[in-house]
Amino acid sequence: MSKPPFQRFLDAHRDDVWRFLVASVGRDAADDCFQETFMSAMRAYPTTRIANPRAWVLTIAHRKALDHHRARARRPVPVGAVPDAPAPAPTAAAGGHGAADGVWARVAELPPKQRAALLLRFAGDLSHREVAHALGCSEEAARRSAHEGLKRLREELHA
Amino acid sequence: MTDRLAPPAFDPAEAAAAAARFAATAPADVTYALVDSPVGTLLAARTASGLACLSYSDHDGGVDAVLDRLAAKLSPRILEAPARLDAVRRELHEYFEHRRTSFDLPIDWSLASPFGRRVLQATAAIPFGEVSTYARVAAQAGNPKATRAAGNALGANPVPIVVPCHRVLHTGGKGVGRYTGGVHRKEALLRLEGVLLG
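Chains A and B, in that order, give the protein sequences.
Heads up: the first sequence begins at 1 in our numbering, then just goes up one per residue.
Heads up: the second sequence begins at 160 in our numbering, then just goes up one per residue.
Mixed in with the good hints, there may be bad ones.
[Unchecked claim] Below are the EDC-like pairs computed for lysine to aspartate or glutamate, each with C-alpha atoms no more than 20 Å apart in a straight line:
#, chain 1, residue 1, chain 2, residue 2
1, B, K232, B, D267
2, A, K3, B, D223
3, A, K3, B, E253
Since the hints were derived computationally from the structure, they do not count as laboratory data.
Bear in mind the structure is a predicted one, so any value in this text is a computation, not a measurement.
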């Protein structure tokens with residue numbers, strides 16, 4: 001059976017992907033990751049059997065976000081001149097997270113597994129089972145990573 | 160904080176803008192746009208080869224059904240990208256403004272059968288303001304006996320107006336004949352071209 005037009009797929013999932021990426025890489029980098037996510041999705045779309053379209057495209061977005069974080073880690077942030085002002089606050093360094101999303105800026109600082117599990121579970125609104133599939137781990141491991149991430153956030157907030 | 164996190168705030172308008180940027184630039188196999196005209200809203204779709212589909216939005220099951228068929232017959236890599244249909248929109252506008260009598264748009268004939276394509280190419284050669292008959296375009300397509308098949312091919316014309324199937328009429332004065340967008344549109348186009356008066 002043939003697939004529906006890709007435009008319909010884009011319309012159905014753009015909000016979920018955007019929200020996930022804003023939480024994951026910050027608003028400034030979200031657009032690049034968004035374009036790459038749907039580019040990869042459209043390339044694979046005609047020939048891939050897609051049982052769960054939302055989980056599928058969020059898995060792609062998750063990988064694009066990982067690529068983004070890796071590239072950022074490799075590449076020092078260019079600075080035109082040495083600034084006199086003190087270093088920017090951690091939220092700004094995390095890439096454009098607004099003050100209202102302070103908790104998501106903190107998520108961005110968690111260890112990779114916890115960060116990925118929390119992002120996919122709560123910014124992507126996937127089930128633990130879908131998160132496990134996206135991360136290539138067991139459902140139990142996905143659940144544990146999310147649990148540990150939440151615990152750590154709680155400790156930081158009450159510290 | 161309990162055992163879950165509230166999803167982050169996001170602006171749906173930003174998501175919509177990002178999606179529009181994607182659709183405008185991504186390498187889709189088919190791009191489409193809705194085009195307003197005096198004979199109603201048209202769905203225009205093109206490939207790299209040219210205009211593949213021009214469909215009256217209230218016919219053929221509506222826009223979604225037509226897009227489903229394009230996905231099945233051409234490719235599911237379909238995006239709405241109005242800027243890529245600018246030439247189609249411009250030439251149609253000029254035609255309806257009486258500033259254009261023939262179209263220069265390249266056509267993608269993928270959606271026509273081999274015989275249908277010959278019928279449509281014979282039809283494309285009928286000049287503005289003139290008319291022909293089903294029998295004559297059947298003969299020009301290489302099969303004088305296939306009047307009914309020619310009628311069917313014209314009824315399935317994937318690019319009406321641009322390939323002017325409205326200029327093909329019944330032989331024996333039984334009215335203007337059928338039309339893919341309804342007879343009232345055929346009459347409107349023939350009036351615009353000065354064939355029908357009033």
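Hint numbers contradicted by this structure:
Violated: hint 3 alone.
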